[in-house]
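Enquirer: Starting from the structure of chain A, add chain B with the ligands where the hints point.
Residue numbers (the UniProt record's numbering), protein chains in the order written: chain A, 1 to 464; chain B, 1 to 464.
Careful: at least some of the hints might be erroneous.
If chains are identical, the list can't say which one is meant, so a pair holds when it fits in one copy or spans any two.
No farther apart than 30 Å at their CA atoms in a straight line, the calculated lysine-lysine pairs in the DSBU-like style are these [what the hints assert, rightly or not]:
id, residue 1, residue 2
1, 282, 109
2, 59, 438
3, 401, 294
4, 341, 382
5, 89, 294
6, 59, 3
7, 328, 59
8, 294, 376
9, 59, 341
10, 88, 109
11, 419, 152
12, 294, 109
13, 294, 3
14, 282, 409
15, 345, 382
These are computed hints drawn from the structure, not numbers from a lab.
Number of protein chains: 2
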Amino acid sequence: MNKASRLFWPTLVTPKNAVVKPTEQLSRSQKLLTELGLVKAGSNGTYQIMPIAQRTIDKCIQLVQRNMQAAGGQKISLPVLTPAQLWKKTGRLDGDISEFYMVRDRSGKQFLMSPTHEEAVTAMLASAAPISYRQLPQRLYQIGPKFRDELKSRFGLMRAKEFLMKDMYSFDVSLDAARQTYATVTAAYERFFRQLELPFVRVEAASGIMGGSQSHEYHFISPVGEDTLLQCSNCSYAGNTEVFGNEADAPSTCPSCQSAQLSRVRGVEVAHTFLLGDKYSKPLGATFLNTSGKPEPLVMGCFGIGITRVIAAALEVLSTEQQLRWPKLLAPYDVCVIGPKAGSKEQASAERIEHELLNQLAQICGAEQLLHDERKELTIGKRLLDAQRLGHPLTIVVGAKATQLEAPKLELHTSGSEKLELEVAEVLQLVTQHEQHKQQLLQSQLEETNSEQQQEQKRFGHVH
Amino acid sequence: MNKASRLFWPTLVTPKNAVVKPTEQLSRSQKLLTELGLVKAGSNGTYQIMPIAQRTIDKCIQLVQRNMQAAGGQKISLPVLTPAQLWKKTGRLDGDISEFYMVRDRSGKQFLMSPTHEEAVTAMLASAAPISYRQLPQRLYQIGPKFRDELKSRFGLMRAKEFLMKDMYSFDVSLDAARQTYATVTAAYERFFRQLELPFVRVEAASGIMGGSQSHEYHFISPVGEDTLLQCSNCSYAGNTEVFGNEADAPSTCPSCQSAQLSRVRGVEVAHTFLLGDKYSKPLGATFLNTSGKPEPLVMGCFGIGITRVIAAALEVLSTEQQLRWPKLLAPYDVCVIGPKAGSKEQASAERIEHELLNQLAQICGAEQLLHDERKELTIGKRLLDAQRLGHPLTIVVGAKATQLEAPKLELHTSGSEKLELEVAEVLQLVTQHEQHKQQLLQSQLEETNSEQQQEQKRFGHVH
Ligand SMILES: [Zn+2]
Ligand SMILES: [Zn+2]
Chain A
1 MNKASRLFWP TLVTPKNAVV KPTEQLSRSQ KLLTELGLVK AGSNGTYQIM PIAQRTIDKC
61 IQLVQRNMQA AGGQKISLPV LTPAQLWKKT GRLDGDISEF YMVRDRSGKQ FLMSPTHEEA
121 VTAMLASAAP ISYRQLPQRL YQIGPKFRDE LKSRFGLMRA KEFLMKDMYS FDVSLDAARQ
181 TYATVTAAYE RFFRQLELPF VRVEAASGIM GGSQSHEYHF ISPVGEDTLL QCSNCSYAGN
241 TEVFGNEADA PSTCPSCQSA QLSRVRGVEV AHTFLLGDKY SKPLGATFLN TSGKPEPLVM
301 GCFGIGITRV IAAALEVLST EQQLRWPKLL APYDVCVIGP KAGSKEQASA ERIEHELLNQ
361 LAQICGAEQL LHDERKELTI GKRLLDAQRL GHPLTIVVGA KATQLEAPKL ELHTSGSEKL
421 ELEVAEVLQL VTQHEQHKQQ LLQSQLEETN SEQQQEQKRF GHVH
Chain B
1 MNKASRLFWP TLVTPKNAVV KPTEQLSRSQ KLLTELGLVK AGSNGTYQIM PIAQRTIDKC
61 IQLVQRNMQA AGGQKISLPV LTPAQLWKKT GRLDGDISEF YMVRDRSGKQ FLMSPTHEEA
121 VTAMLASAAP ISYRQLPQRL YQIGPKFRDE LKSRFGLMRA KEFLMKDMYS FDVSLDAARQ
181 TYATVTAAYE RFFRQLELPF VRVEAASGIM GGSQSHEYHF ISPVGEDTLL QCSNCSYAGN
241 TEVFGNEADA PSTCPSCQSA QLSRVRGVEV AHTFLLGDKY SKPLGATFLN TSGKPEPLVM
301 GCFGIGITRV IAAALEVLST EQQLRWPKLL APYDVCVIGP KAGSKEQASA ERIEHELLNQ
361 LAQICGAEQL LHDERKELTI GKRLLDAQRL GHPLTIVVGA KATQLEAPKL ELHTSGSEKL
421 ELEVAEVLQL VTQHEQHKQQ LLQSQLEETN SEQQQEQKRF GHVH
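If we strip away everything but chain A, and leave its shape as in the complex, we get (with noise of 0.2 Å):
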């Protein structure tokens, strides 16, 4: 069980008035997320990410897999270091190359920072000998650090300069086969984001630096997003009004239907897809071996899912000025426990409820999820603020009326500041409520998926 006590978590000294760097434009949920402790600005635009927020990170690390797997994922792990003679070759160095981080090894030659992979991965498949068209498709996908020196870096975690990315970069053998490729994993995508019950919009995007002849975003609609979104309410039409050059010469119909109900939203990216064609597998060179043992260039796709950026997100749509709220299956600790005061005169008989109850949680939701928040030399009040600026999705006080003869009572907090008196049974039964849920959540996915790779196993069948 994770004790409060123990916890590094800076908030706890933090002074009251500390400085927010004023070059720095916080969101309100950035502010909190800093306030409280949780992550740390480190030097120009990166951050360090304490305790409490690593739960989270590895928790939607863990969902982002699940789904990938499902999608025919196959995790890997490509150097953070790139040689520039590999986007020399596709071009990617021609431009504005302001954002790139290039660093030079002990022998002057010249690498850059990964902001992405497309050139290591491709490259890497050009080495081998051409992979047999019984082979493909293959979907490779790996979690790691990504960098781009972002002339104004914004809104913290949202747009930070070093951020963890999922990208993925899959392989087929036709453009036919590349956009089935493309609809497994979008719809694994938008599985993950059904998953954190965050309402999202995918949109028509420009490719822009990534080429390739389709592409969209997928974005969590909320004020603070940077981009201009078009919605049709007529049709299915979703655009980034970016597609369109200038914001301005965004049309004001559906280039879809043609309907006048076209309305503007602010979108806060979190995921790009790409159908990349052979723009990376021509000038590369990587080739697999047609029914005829010719060598063709390999039709890829690439598919991201900013990690720190769909946390960041996700707490800006639904946090509130004062508390955190997390999707369920990324909060960092399902429950948290609160104890009584040491010294107040029920002290003694509440320890031995909130013990017992302790150990019923664990067997609902397993240690790992508890919070318990066992600072005895604080009073329950100031704990419960703590709790709900963590935002929680339930937390336990066990406090005076827990020990009265009649009726004993226990508190539930929800993260939406609800507050009910309860007794123990009755709490259980939320606790428990809620872990079945997220396991639907989880499950709902897994039914989805098996149908799909059985799909796939049918259309695959034959090379098998």
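Expert: Chain B with the ligands only, in chain A's frame:
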């Protein structure tokens, strides 16, 4: 379940005479890893990890994490980029800096691609208001890439320029308390190495560039090791000859008991621990408030395990010229199942047995731990050769003998190339034993941990 035909495993198509870079000294296990397509050499001493090896890395990370959390560790993430300014303050840019990758951002500010994070973590603690003695000890760890521009990278993954490390930093109120932490964390290290079931030795080491008052290295014993170690068979002394400056200056009698029974072995360093004292906290101003409310420098330790290095070294110790061998807890898969060849006369009946077997195995070890080599276009012999080179702990062949009416038999191959002909029930029993052994390895840790945590709670009990 994992299917061999879908695996991204570039060896399947790599020509037999693939070029190994002649500048690179590769040990036998590293040669095998490369030839088998489990890792691919990237540019100049970096490595790309392919899916099979990635499974081992993820298992190693999980195992290290369990042990770090059992030792009171809390996970954090520090940026790869550390401001060079911090390293100037601690004097670590005064000497030879040719091994550091240095990079400038768009404003000209200089950063290191961190080879280690003492400065970063200490500055982070210094930037918060001083922590109270009540909140100590704190033990913070992370797992991520580190960078060292070695003059000569060698032995593949064993000494790559970009490598994966678990690094923990500890903060205590006094040297005595820091020694307690040192004992707790090094006990977790020894537990980890015992779980790998590999012979290891802990030796006194030179503190070198890290500084501090005490330092130990953990080595696997291997002829490919770069270090020469002294071991006394009369007492418990063990040391690295580096401590004596030149290897030739190392004594021939034990520095501890003066006996002449001092032998030399070669070792591969896989972990390094340091009692740092205030070497970093003093120049960077990281203090805590003592019982009188006065600031005092934090007393630090640091503790590194090279994740990729542990794996490479374990393979080096265990493998043969022709076959990889893995620590049980780190093998990519527990069991590989090879079914009949397509078109063989027993195909249909053997496949029914195979199908049933796979279901039963999935119950015993979990579908994720199974590799089904269903490349039916290949002979059993060819697939068995692949399985033996990959070194699965257990490989089960469902061949012609599985379908004979009287006493049907499966073939079970262990990673030691032992071959047994067994009934299905016997095979399932051996797989069950294998899984039980794995569970015991994990469990032994938990029991030790619980009693240690209780001791620690007693020790620090007074501050709560
Ligand atoms: Zn429309
Ligand atoms: Zn001795």
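Enquirer: For every hint, state whether the structure bears it out.
Expert: Hint by hint, here is what the structure shows:
no. : hint      : result
1   : 282 - 109 : within (24 Å within a copy, 37 Å between copies)
2   : 59 - 438  : both (12 Å within a copy, 25 Å between copies)
3   : 401 - 294 : neither (78 Å within a copy, 40 Å between copies)
4   : 341 - 382 : within (10 Å within a copy, 69 Å between copies)
5   : 89 - 294  : within (24 Å within a copy, 60 Å between copies)
6   : 59 - 3    : both (19 Å within a copy, 27 Å between copies)
7   : 328 - 59  : both (11 Å within a copy, 26 Å between copies)
8   : 294 - 376 : between (73 Å within a copy, 24 Å between copies)
9   : 59 - 341  : neither (32 Å within a copy, 42 Å between copies)
10  : 88 - 109  : both (13 Å within a copy, 25 Å between copies)
11  : 419 - 152 : neither (42 Å within a copy, 63 Å between copies)
12  : 294 - 109 : neither (35 Å within a copy, 50 Å between copies)
13  : 294 - 3   : between (62 Å within a copy, 26 Å between copies)
14  : 282 - 409 : neither (69 Å within a copy, 51 Å between copies)
15  : 345 - 382 : within (18 Å within a copy, 76 Å between copies)
Taken one by one, the earlier hints fail for this structure at numbers 3, 9, 11, 12 and 14, listed in ascending order.
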